[in-house]
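Counting the sequence shown from 1 gives a position; our numbering is that position plus 6.
Just so you know, these hints were derived from the structure itself, not from any lab. Each hint can be trusted.
Only pairs whose alpha carbons sit at most 30 Å apart, straight line, appear in this in silico BS3-like list of lysine-lysine: (1) K162 to K94; (2) K266 to K254; (3) K212 to K258; (4) K212 to K284; (5) K284 to K94; (6) K254 to K162; (7) K291 to K254; (8) K123 to K147; (9) K258 to K242; (10) K258 to K162; (11) K246 to K266.
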Amino acid sequence: MTSRFSILTASFIVLTAIVVGCEGYRSTLSNSSTAPSVSTTEEATAAKTPTAASPAASDEHAHKPGTHGGIIVPIGADSYHAEAVVEKSGTLRLMILGKDESRVWEVEDQPLQAYVKLTGDSDAVSIQLAPEPQSGDTKGKTSQFVGQLPAELIGKPLNVTIPNLRIDGERFRVGFTTAAAPHAEPMPASLPADAEKTLYLTAGGKYTAADILANGNITAGQKFRGLMASHDMQPKVGDKICPVTMTKANPKFTWVIDGKSYEFCCPPCVDEFVQLAKDKPDEIKEPGDYVRR
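Could you put together the complete structure from these sequences and hints?
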């Protein structure tokens, strides 16, 4: 069942999430145990050349979803753009776009060095992004670069820096993050009153009459009225996660299903999960399965 909060699986993820795409591409991986340090020469070059706007300076633009469900990254103060996609398999794709984000932009074939680290960490690993021309690209040019994340970084919020990307004779530095900060927001609209009563006060599938009694013989809208949802897109290992959005669960939003307590991020997710328990009970996992690994 599609969640009204589904993103960033992606993704990536996505890129908070993490973003899902096609699989089957590989590239050479080179590990580094420390964060990359930029040489004096590189710093001097970067000072003379345009750079990609940092996510902090351009969140509204940099996090706009792309055609492939990725993150749109401005390059050189919006002279160009890229769409960054992280797939479930850990494949990282960087697709080059023009000033108009709807235009595919070809650049010279070139290997790219990318430095990837967990958000908040100081150590990074170095990976190669190889040119992987898309259909229609001119020979000797490419509009796409592809690399593979180390296994330990797959599915986690990342900061990515590419120190040197050549476009039309100019050199650019590109940086983006796949992480989304926790945020509080007003409660999304729930079901109409009659539909909500039918959903919560009638049994079906794995949602039993005993569950209805255990939940107080009321609806989620009634129980959680006035509470504010806070969606944390970066659950830590061991945190309980919402079965619907896979964001960090909030113990304030707990509901009993099949005699077991499940935690959610907000009441509309309770709506969806109860409906799933009634319509597709085989898809309901144990509460212990909804934990960040």
